[in-house]
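Novice: For reference, the chains in residue letters:
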Amino acid sequence: MNLLPNVVLISGQDEWAKITEVIEHSILPQLEVNGTSFILYPEAISLPPSRTVALAAKHQTPVPRKCVVSQMAFLLKGQAVVLVEGKHKVLKAPIGLFVPKEFQLELHGKVSNQIPHGEWLTFIITTFGAIVTQCRLTSQAHYEGNYYLVVHAGLPALLTGERQPNKVTIMAVLSLLARASPFLPTFWELLPTSFVEMPTAVRQALQFLHHSYNRPLRLSEVANWCHVDHTHLCRLFRQWVGVSPSVYLARLRMSAAWKLLTETKLPPTLIASLVGYSKWSQFSQQFMRTFGMKPTQVRKNVALEPLKFGDFRDTVPN
Amino acid sequence: MKVLPTVPMVGLEAVGRTIQNLIAQKVIPVVERKGARIFFPPHSKPENFGFAHFSDWGTMGLRKQPYPASAPFFLFLLSGEGLVYVRENWHYLVAGQGVFVPRNCLHFPHGTVNNSVPRGRWLWINVHPFGAVIHQCCLNDDSHHRSPIYAVIEERLFWLFQEWEKEAITRGCPDSLVSKSLLLAFFHLLVKPAPVPVSVWAEISLMLPELPASLREVILHLVQNYDAQCRLEDVSKQCGISVFYLCKLFRRHLGTNPKTYAQRLRLKIAKQMLAETGISPHKICQLVGYSNYSYFRKQFQRTFGFAPSRQAIEHVKVWSPNPRTAALIDKLVP
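From first to last, the protein sequence lines stand for chains A and B. The numbering used here applies: residue 1 is where the first sequence begins, and numbers increase by one. The numbering used here applies: residue 1001 is where the second sequence begins, and numbers increase by one.
Heads up, some of the hints might be wrong.
As the list claims (entries may be wrong) - Taking lysine-lysine and the BS3-like style, the derived pairs with C-alpha atoms no more than 27 Å apart in a straight line are: (1) A:Lys101 / A:Lys167; (2) A:Lys18 / B:Lys1166; (3) B:Lys1298 / B:Lys1259; (4) A:Lys294 / B:Lys1034; (5) A:Lys101 / A:Lys87; (6) A:Lys101 / B:Lys1237; (7) B:Lys1259 / B:Lys1237; (8) A:Lys294 / A:Lys279; (9) A:Lys77 / A:Lys87; (10) B:Lys1192 / A:Lys101; (11) A:Lys279 / B:Lys1271; (12) B:Lys1192 / B:Lys1166; (13) B:Lys1026 / A:Lys167; (14) B:Lys1034 / A:Lys167; (15) B:Lys1034 / B:Lys1064; (16) A:Lys259 / A:Lys300; (17) A:Lys89 / A:Lys167; (18) A:Lys259 / B:Lys1166; (19) A:Lys167 / B:Lys1192; (20) B:Lys1166 / A:Lys167; (21) B:Lys1271 / B:Lys1283.
By construction, these hints were calculated from the structure, which means they are not laboratory data.
Isolated chain B, as found in the complex (with noise of 0.2 Å):
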């Protein structure tokens, strides 16, 4: 088996940007031009496969067999190889292919051949009733990384995915025309709305039930674009209510105006951000949408206590898999 040599995951490889980028760039070509065929690859079996076993198994908290999906995913090699089980079935797959594992389907997704694990790049991106969570993997043979973990909302990513999975399943035809549209449509979805890091969707989702409804989709749509400047006029409008009434709301279910709403949101984003990357907080700053460093230094200064170029220093040099993010993602799921 040809050795690849191992990608580091540091830097930029870990935003969500980037992995929307990597969507973008390598998955959609693939399917515009093969279908939904690529996720269902045929079964194959190399000689003396086995279950992974990791060096570093049991701290990561991950299974040793086979286990249900909790959640409907996909899989997507970005390069070298893999070994997935699926629909209890052995699946050797090269870079450009993919798995479709749908929800309570058994699987196991690293397998061994001759004792190691084919090394590999991949995309995951789990479909979840508030839209899809996106992280990337990369596999050598004694360890396990993880990058941290971006939620994209997008209710329609579900309504989209729903439909594809009718027609996947139950019609059994994943060559059709309908089919592959519907993918298509999916995936462009994806990779619009600016993607938030996990725990940050997990804290908000907590408090979302018990707002009105005409006020959860103003903190819907704040934080699908966080990323960019929007005007209080624009976000009311679209979500159908003047601008009086939603700072109303605000004060009353929020206690603040939207505005600071607002900013504390990208604050909590870009300490996430710092926290689980190793990019550098300039960068991090034009992430979340501020366009001046040092008004955004004093602004994170003032909410957090600490510069954000401390909370980089106190977690690059532990960057390393995050078992909190993994947590938090079994917690998302109803």
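Just chain A, with the same shape it has in the complex (with noise of 0.2 Å):
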């Protein structure tokens, strides 16, 4: 049972495509399979060798904390030294691991005064969705990956009440993850603040935005959805993001068609109702108005970069 292949996953441009890549063509397969046996529940994990084994890298609290929230790490590559509820445990890639609620996790332990090589790719499920984090280590220096942020209120509902590992599940988990379209990590760092500080209110309200920007919206929907007046919603977005809710769904929904319309050959009629405007000169008004060019003049221009979110914020008119 040797599924998953050395990956190495190289910070830099595209990553969230390797990591989706990963996702696809080597967990979901061996996962497929396999079934659950390669994903260790920490009490199954066998005994450590005896040897002195300590807490890695600088930047890590001295003790291991205690995880709010569900965790699934992947080891990829190499070995790992695990600290799960005060025993330190030796993995060896390629195994994955699950961790639920309330279990106490360290994953960099080292091993006479040495981190073992390693590469992870972890899930964090939170209560608003998921953070996927790839990291790698080598003896000297403790790489840390980018972290993506993704919001989706179907993850952390799939998981709920489950303590074993269930294989439909963790399947389905990982699907919903190969297809999501994180926050890049460029774009939330131009978030004032980190999303996990936001108010409860705003986090409800991008995470109903980036699941349902594909349909005609209303403000009072939003508003309703996170249990608050939408002058008040208005005002917190604008505060916490920057700009108004209007604003961000029209730059959610732009992107989405950008994307849409360079990678796919779907009619940009299509394309405008996929994301969800309901009138084509709607469309078409908007995307003049952020990109400066018609949507059908798109595809003519062969050379295209690929685009980010951040691109354009200053091109929407606020």
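From these two lone chains plus the hints, build me the complex, please.
Specialist: As structure tokens, this is what we get:
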């Protein structure tokens, strides 16, 4: 049973594409064939060899933290020492780890002053979605990969009440992640405050917008969803995100439309309805205003750079 | 064309749990083996085909031409053969195959070949924002029987379905592993919560939007688990509010305490099942979560004013297509 390839995820351009490739082409097939047999539950991990093990890198807390949420981690390459519930365990790739809520966990331990070489892909399932991160360890350093934030109410909802990993649920969670569009790390840094610190109403609004941008929406609908008044929501949104909800929604739709226009061969009128516009004229007007060209011109222009979410933040009139 | 024996639609055939078991035993293994492809069959058109003309068409209130689907749905053929018009093509299906019909897609579920309707047993799974609606349908030459319609209340079904639909329609690859696992998760989730007769759900869903969010959650939880004994502490813990506050909410908005409400809900479901299916009151008593028949009978008598056996006798003779539940389904579509 050795299906996980040794993939090197070097941080840099298009890392999310690589992460989804790993999920779709190595973790999912392995799950399908072998079930969850390669995903360990902390209690099932064998006891460690008697060697001195300590906690790794300097910027980590000396005491293992208690997970407030369930967490999944896949060791793609190399070895690792983990600390679960006060016990050290040595793991060899390829292996997966499922840690339910309220377990203590530390992924990076060291053996006789050396951190084992390893490469982790970690999924932290939070109350609003998931945080996906990839990290690479060498003997000298501890490289942190980018953090990707996926906002999707379905992810935590699927895992509620699950203590033991269940094949179908984990496959579904990973599939949702493989098709999710995360906040780009660059865009995340553009936000004045971190997503986790935002008030619940703004988080819920962002979640709602990201999930249902592809149909006609009204502000009152969003406000109802978050159980706040619409003027209050606008104020909060401006304060924490920087723009009003409607401008944010337009950006979301435009970036999705750009992606569909450049990457697929769907007709532009269909794309307009797919990203949530009911009228073609409205869509093309907004497109013109944002990118300075007509939607139909995009296809003719061959050498187009891939667009990032933050790229056109000044072009949308506030 | 092979003529199949007509499958009688009586007894436990029509209970929601039976339909769920059929999904678990027949649909899930096929999806596991073949992926989402089974819902995208190659289109084929036998000779001399046409639109169906049943003798009791008019009385059923059914349409004779293709019509748009108000909610997206899956069709699955359990046994026999079937002829369906979907996505501007005729699909000829055999047992173990199915069709996916997107929202607003023109479709016609029963075609004829050489003037006779292919006999088959169908499973229907409609997807709505509140969950899914499931029912079974059996066809023979002169009639189109409808079994009672059940709702499975689970919002997560809709989340999963939406993701699957995005994958299947916009990317156009029902073969991918992602699409398969999303569909599998959808069906696995579908067979977990207890199914409720649609008419009961229609009644509850009309009242839900006016209630506060925490109470809504409690009621949804009660509806999902009506067939299990649940304690007040567990319910309040699951929904994140205290027992005191829960009771206060119930008293203020519904005028009863939670225990009475749950009991009435179960009795209402039992009454609907008795009216729509030919199952004995003893079986129904177990299906809705009572262990003691005499206690169930007493409560039923007290609530509705007549015994469960009388409700059963009144309806078992005229058990036949139920246009009322069919009309309710249309009402549920937003």
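Novice: Holds or violated: lysine 1034 (chain B) with lysine 1064 (chain B), Cα cutoff 27 Å?
Specialist: Measuring from Cα to Cα gives roughly 33 Å; hence the hint is violated.
Novice: Mind checking the alpha carbons of lysine 1259 (chain B) and lysine 1237 (chain B) for me, to see if they're no more than 27 Å apart?
Specialist: Holds, at roughly 16 Å.
Novice: Does the alpha-carbon distance linking lysine 279 (chain A) and lysine 1271 (chain B) stay inside the 27 Å limit?
Specialist: This hinted pair is violated, its Cα atoms lying about 48 Å apart.
Novice: Would you check the hint for lysine 1298 (chain B) and lysine 1259 (chain B), treating anything up to 27 Å between C-alpha atoms as holding?
Specialist: Roughly 16 Å separates the two Cα atoms, so the pair holds.
Novice: With the threshold set at 27 Å, check whether the alpha-carbon distance from lysine 1026 (chain B) to lysine 167 (chain A) stays at or below it.
Specialist: Judged against 27 Å, a Cα distance of about 19 Å means the pair holds.
Novice: Given the proposed pairing of lysine 1192 (chain B) with lysine 101 (chain A), does the C-alpha separation stay at or below 27 Å?
Specialist: Satisfied, since the Cα-Cα distance of roughly 23 Å is no more than 27 Å.
Novice: With the threshold set at 27 Å, check whether the alpha-carbon distance from lysine 77 (chain A) to lysine 87 (chain A) stays at or below it.
Specialist: Given that 27 Å is the threshold and the Cα spacing comes to 22 Å, the pair holds.
Novice: Lysine 167 (chain A) and lysine 1192 (chain B): Cα distance at most 27 Å?
Specialist: 15 Å, holds
Novice: Hey, lysine 1034 (chain B) versus lysine 167 (chain A), does the alpha-carbon distance stay inside 27 Å?
Specialist: 17 Å, holds
Novice: What's the verdict on lysine 101 (chain A) and lysine 1237 (chain B), does the C-alpha distance respect the 27 Å limit or exceed it?
Specialist: 17 Å, holds
Novice: Lysine 1271 (chain B) and lysine 1283 (chain B) were given as a pair; does the straight-line alpha-carbon distance stay at or below 27 Å?
Specialist: Within the cut-off at roughly 13 Å; holds.
Novice: Would you mind confirming whether the straight-line C-alpha gap from lysine 101 (chain A) to lysine 87 (chain A) stays at or under 27 Å?
Specialist: This hinted pair holds, its Cα atoms lying about 17 Å apart.
When each numbered hint is compared with the structure, violations occur for hints 4, 11 and 15.
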